[in-house]
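There are 4 protein chains.
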Amino acid sequence: MIIMKTDATQEQIAQVIKEIKRCGLRADVSKGAYRTVIGLVGDERKIPFDHFAALPGVKEARGVEIPYKLISREYTKVYGGESEQVVIKVGNIEIGGDEPVFIAGPCAVESKEQLLKIAEGVKKAGAHILRGGIFKPRSSVHSFQGLGAGGHESAEEALSWLSEAGQKFELPVITEVRGETQVDLVAEYADILQIGTRNMYDQDLLTRVANKGKPILFKRHFGAGIEEFLSFAEYIAAEGNKNIILCERGIIPIGKGKSYTRYTLDLAAVPAIQKETYLPVMVDPSHGTGRRDLIFNMSCAAIAAGASGLMIEMHYNPVEALVDGPQAITPEELKEVIDACRRIHRLVSSRRNEN
Amino acid sequence: MIIMKTDATQEQIAQVIKEIKRCGLRADVSKGAYRTVIGLVGDERKIPFDHFAALPGVKEARGVEIPYKLISREYTKVYGGESEQVVIKVGNIEIGGDEPVFIAGPCAVESKEQLLKIAEGVKKAGAHILRGGIFKPRSSVHSFQGLGAGGHESAEEALSWLSEAGQKFELPVITEVRGETQVDLVAEYADILQIGTRNMYDQDLLTRVANKGKPILFKRHFGAGIEEFLSFAEYIAAEGNKNIILCERGIIPIGKGKSYTRYTLDLAAVPAIQKETYLPVMVDPSHGTGRRDLIFNMSCAAIAAGASGLMIEMHYNPVEALVDGPQAITPEELKEVIDACRRIHRLVSSRRNEN
Amino acid sequence: MIIMKTDATQEQIAQVIKEIKRCGLRADVSKGAYRTVIGLVGDERKIPFDHFAALPGVKEARGVEIPYKLISREYTKVYGGESEQVVIKVGNIEIGGDEPVFIAGPCAVESKEQLLKIAEGVKKAGAHILRGGIFKPRSSVHSFQGLGAGGHESAEEALSWLSEAGQKFELPVITEVRGETQVDLVAEYADILQIGTRNMYDQDLLTRVANKGKPILFKRHFGAGIEEFLSFAEYIAAEGNKNIILCERGIIPIGKGKSYTRYTLDLAAVPAIQKETYLPVMVDPSHGTGRRDLIFNMSCAAIAAGASGLMIEMHYNPVEALVDGPQAITPEELKEVIDACRRIHRLVSSRRNEN
Amino acid sequence: MIIMKTDATQEQIAQVIKEIKRCGLRADVSKGAYRTVIGLVGDERKIPFDHFAALPGVKEARGVEIPYKLISREYTKVYGGESEQVVIKVGNIEIGGDEPVFIAGPCAVESKEQLLKIAEGVKKAGAHILRGGIFKPRSSVHSFQGLGAGGHESAEEALSWLSEAGQKFELPVITEVRGETQVDLVAEYADILQIGTRNMYDQDLLTRVANKGKPILFKRHFGAGIEEFLSFAEYIAAEGNKNIILCERGIIPIGKGKSYTRYTLDLAAVPAIQKETYLPVMVDPSHGTGRRDLIFNMSCAAIAAGASGLMIEMHYNPVEALVDGPQAITPEELKEVIDACRRIHRLVSSRRNEN
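Read top to bottom, the protein sequences are chains F, H, L and S.
Remember, our numbering sits 22 above the position in the first sequence when you count from 1.
Remember, our numbering sits 22 above the position in the second sequence when you count from 1.
Remember, our numbering sits 22 above the position in the third sequence when you count from 1.
Remember, our numbering sits 22 above the position in the fourth sequence when you count from 1.
Please keep in mind that the hints were generated in silico from the structure rather than gathered at the bench.
As the structure is a prediction and not an experimental result, all values here were calculated from the model.
A virtual CB, placed ideally from N, CA and C, is assigned to each residue, including glycine.
Errors might be hidden in some of the hints.
[To be verified] Pairwise CB distance ranges, derived in the manner of DEER restraints:
1. F/Lys53 to L/Arg373: 33 to 39 Å
2. S/Ser162 to F/His174: 31 to 37 Å
3. S/Lys81 to F/Glu186: 36 to 42 Å
[Unchecked claim] Quick look at which bits of chain F chain H covers, simulated, 3 or more residues with Cβ under 8 Å:
4. 276-284
5. 360-368
Hey, can you work out the whole structure from these sequences and the hints?
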């Protein structure tokens with residue numbers, strides 16, 4: 023849609039229409055009392071809005087279409103594809119299916135012993151997938167960067183522990199890929215590849231990870247709007263990989279003064295995204311709040327909002343954790359969270375199925 | 023706490039200490055390898071931090087105390103007061119008690135007939151309190167400003183309808199006070215006085231409303247952090263009125279591109295605020311999302327997060343509403359919301375009581 | 023403009039068109055391959071977008087017009103009014119004229135002696151208007167609220183000092199009105215009435231202040247977008263008072279971690295607003311940064327960005343100031359700022375006049 | 023610094039002190055009337071704050087030190103290093119020296135002919151360095167991604183044009199590196215390597231680029247606070263490369279309603295960062311505003327704020343540009359900008375040198 027200035031001349035309007043036709047589109051002109059608005063009819067993806075915005079007499083040029091048609095619920099119907107919720111299978115686990123799925127584990131893998139002990143707790147608590155960070159994105163170069171920072175051998179060793187722990191307790195495993203050179207290695211060991219919040223905009227990484235064909239847990243950047251989040255998920259889908267699990271993990275808190283939560287968990291994004299796309303949406307209340315004393319409440323809230331599952335940091339002894347101890351919960355607490363969430367999920371999903 | 027610059031001189035440090043003593047406080051000096059940090063011991067409310075920040079050699083001066091001691095859970099204990107959750111009684115209704123409370127009604131009161139019809143629906147759906155806006159804050163001077171804009175007589179007539187509808191269906195009533203001159207009039211008719219999001223910072227209005235002694239529903243400004251929100255609630259408490267119901271209603275969305283929700287509902291603020299204060303916290307999912315198709319999910323989520331109740335816009339025919347139609351739900355939908363929320367509340371509160 | 027869903031039926035489209043006609047507007051229908059977009063032609067201010075957004079089959083309903091036509095540069099031309107920059111006269115001072123205007127003084131009036139001493143400095147430094155807060159908006163009820171908090175008599179005394187200091191040094195005076203009951207009193211003494219950032223949304227206060235007919239310095243709320251800022255200025259203009267000086271004073275900083283400036287001074291708002299409206303725009307670098315060591319740079323930057331003047335906090339001894347000492351500069355520093363700004367203004371305005 | 027809860031027990035305090043000592047640090051205990059605050063003395067970078075925050079009885083644990091000591095002005099002095107402004111030399115050009123430096127060119131390189139024509143304009147306008155994007159980060163996978171997207175050969179060809187254009191007009195050249203696999207190739211051709219806003223957090227890319235030893239233009243992420251921005255610049259410095267040119271390019275706009283600028287240019291960040299670090303700071307008004315009609319004003323403002331130079335998009339015919347046409351200016355306009363900026367720079371830098 024192109025909105026002309028109130029003092030745009032007939033020549034300027036004519037030039038815009040000519041340009042529209044030159045792009046192979048149709049122009050629908052609507053003349054109001056004060057200004058003219060011109061609708062563009064055709065495939066919006068091919069429209070150079072920047073070009074139109076720079077033409078003389080133009081006040082504004084903008085699209086009305088979504089930039090993520092490949093993963094869109096609306097366009098899947100238009101294109102005649104399936105319109106049902108996509109279920110992503112990882113081993114026997116179904117993400118986006120009838121039951122909520124729980125991913126749990128330590129923020130960072132620290133040792134084989136630590137990992138095995140935690141994995142046991144994860145299994146006993148009733149969770150389904152084991153997480154553990156090996157390449158840790160950190161805001162300070164002087165902080166512990168994960169065992170992956172110790173070089174290829176150290177990274178591979180940590181990955182093998184993760185894989186072993188997963189096999190021992192029959193839990194698929196997930197870990198984060200932070201840089202392009204890590205993709206091949208991580209894909210050998212992990213069942214799900216995670217793109218962290220700080221890498222959401224890293225389109226080269228997305229493309230490379232997508233090409234592995236494995237399920238991807240894709241976290242929203244803490245400064246990204248929903249439209250941006252879905253537009254970058256489209257980078258993955260454009261490689262032919264639609265095994266995308268979207269994950270809300272909190273956005274930058276606004277307002278003066280001390281923050282009471284590390285980020286603002288945007289739970290309304292869960293149902294809002296579900297109206298837009300058929301991809302499953304999970305929530306990470308650990309990073310979203312940064313506070314273990316809020317995990318129970320916000321886990322229940324996330325499931326009530328419609329999330330397909332949760333990703334939670336767990337440690338048998340949070341005080342001992344090298345990274346993010348204040349947000350980790352214990353195995354006992356995790357069990358309590360999972361039990362409550364299952365009951366809430368049943369309660370809210372029964373209503374939704376009726377509608 | 024005062025953090026000195028690394029190159030602060032002995033004289034500058036001595037001057038800061040002297041000033042601290044002059045304020046009747048104690049200075050605890052901690053000399054590190056690179057810089058000196060000075061702790062201030064005494065009543066922080068009397069400390070002129072601005073003054074200290076302006077002294078030579080000072081890098082930063084900041085408090086460690088909360089600016090809302092009167093409503094604080096921590097300081098209530100320190101001062102020997104009650105530490106239990108405050109329950110606010112309005113007629114037979116208890117806000118902050120064992121059951122969640124539901125406030126519902128039209129965004130704006132439009133006519134007596136409209137209001138009575140809606141009030142009946144509110145009652146039938148199982149809600150407890152009737153809302154209806156008479157003085158509407160609007161972002162455009164050219165929009166409908168509520169019947170209150172028609173002058174004193176028109177405002178009083180609308181208020182009398184509200185009162186009558188409340189009595190007829192045994193529902194206490196709440197309406198917003200937008201300006202200081204409306205306080206006396208509104209307080210004659212309403213059981214709860216509402217301070218809207220745009221007036222959160224209006225300390226003159228807060229003081230005047232507080233002095234009426236009636237319960238106040240106090241909405242967070244959409245640009246306010248939690249600390250600011252509680253600091254302004256302290257203006258009400260400072261007048262001796264602690265019948266304050268805090269209400270989260272969404273903050274400014276961040277991120278590029280189109281917003282999918284009108285605001286970002288900050289549900290983690292609910293338990294975070296509850297850790298800080300004994301006042302009840304409610305949530306307004308209608309304004310928070312601006313979308314009727316998200317009300318069910320976000321109502322369930324708010325209750326799961328620990329909210330003491332909800333404020334929801336309801337209309338027997340949302341398409342007809344002059345204001346905010348897209349976010350209003352029908353009486354049938356409200357009933358469904360209330361039923362689900364009651365069950366979720368029972369589920370999550372039982373766990374909390376055990377802890 | 024109304025965007026229909028891709029699966030909207032012919033009946034739904036027909037109903038929307040019918041409703042548009044019922045509102046006395048024309049419907050321009052544009053059918054694309056996937057969806058229909060309907061343009062509304064007529065006076066947008068009368069269009070109930072909320073109503074249209076709630077109709078079945080509608081994806082989105084939004085306006086293309088600005089909500090601040092009364093102060094708009096574009097619509098002034100359309101309506102045949104003057105299109106030149108408005109110059110606001112206060113005594114001999116012209117705001118929005120050929121020279122930049124400087125408002126300076128203490129954050130808070132503390133005593134007659136303090137004020138006279140500062141006023142002398144303001145005059146000597148070459149500034150034009152004297153500021154001094156008497157009713158101080160504060161984020162904590164426990165902080166010093168200005169002499170206005172001492173009751174009517176104390177407020178009137180402080181106002182008389184301000185007026186006297188202004189007369190003695192031939193400086194028009196400005197002070198803030200925070201609540202509705204202060205309007206009459208302040209208007210007796212002040213030459214310009216200030217609406218502070220926290221009261222930008224307080225439409226009852228705006229209306230009342232506007233009716234005094236005096237020039238108003240209107241500050242942007244720290245959480246407000248430009249469109250909102252101008253929409254609320256429209257509340258003043260709607261009362262027939264167009265003596266509005268807009269003032270940018272910083273918005274909420276975003277991003278994790280400690281803030282290096284109290285707010286984010288949005289200097290691009292200055293030329294952006296000037297393209298929209300003929301009203302003069304000033305900048306307050308003192309509140310915008312909260313740091314006296316940044317005042318020189320940001321004052322120069324504001325004038326270079328096109329501001330018509332600056333509002334700066336000055337104190338003969340910033341360390342002594344009860345409020346906001348860290349952001350006040352000395353009379354000598356103020357002189358330096360004014361001299362540099364004058365030269366920059368000459369440099370940039372000469373170019374603009376050529377264009 | 024560790025702030026204990028008001029009800030922390032003696033045992034809990036003792037445990038915290040014990041842990042502090044175990045980390046090889048000293049504990050300075052300050053007991054107030056209500057709570058105890060414990061200062062940690064020692065190298066804060068080694069302190070596991072997360073660990074302390076998770077200990078029982080602890081309300082808050084936070085550092086007082088900056089996380090970017092390697093590039094810090096304060097710590098350079100402490101460590102006995104140079105405290106003068108760093109000047110980065112690229113050929114004969116000095117960035118951070120006595121004169122402002124101007125980088126200009128097209129957003130995206132489109133053809134050899136386009137580039138040579140623009141380079142000529144850049145030279146004639148008096149700018150110093152030629153920019154041109156080959157690997158373009160884009161928010162939609164369906165948009166033009168730059169000639170780099172055409173594969174290695176296409177990328178190398180475009181890079182060779184850039185290099186050739188630079189040599190022909192005696193302009194050093196800069197281009198963006200978006201992904202790790204592009205680093206070696208780009209470093210062969212470019213004199214300065216650019217890290218774009220969306221890659222600021224990509225620590226693997228930063229490390230790899232830093233190791234090339236070439237000057238790096240490092241853009242602030244649009245959601246990043248200043249502390250984060252400098253913390254990620256520290257990743258580059260930690261590799262031994264301090265040839266870092268920091269670049270402010272606008273942050274996410276906040277506030278409801280339509281944005282009048284694409285981003286919010288945070289000009290106060292320029293002097294604020296300059297107080298923290300000796301690295302030069304440049305500004306990109308093209309991306310910061312997204313509007314060519316604001317470039318003159320915001321360029322002048324950036325230089326007045328203290329910027330060491332500007333990066334500006336220029337095109338001989340902005341309407342023709344495939345990417346970001348609405349923000350590009352013409353060679354004539356660029357000349358006007360440079361002339362005005364030079365005069366402002368002289369005016370403001372003379373004052374600064376006196377201080």
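Proximity test - 8 Å, beta-carbon atoms, the region 276-284 of chain F to chain H, at least three hits: holds (count 8)
Taking a Cβ-Cβ distance under 8 Å as contact, does the region 360-368 of chain F have three or more residues in contact with chain H? holds (count 3)
Are S/Ser162 and F/His174 spaced within 31 to 37 Å by their CB atoms? 35 Å Cβ-Cβ, so the 31 to 37 Å window holds.
Is 36 to 42 Å a correct range for the gap between the Cβ atoms of S/Lys81 and F/Glu186? holds (39 Å)
Beta-carbon spacing of F/Lys53 to L/Arg373 - inside the hinted bounds 33 to 39 Å or not: holds (37 Å)
Hint check: no violations occur; every hint is consistent with the structure.
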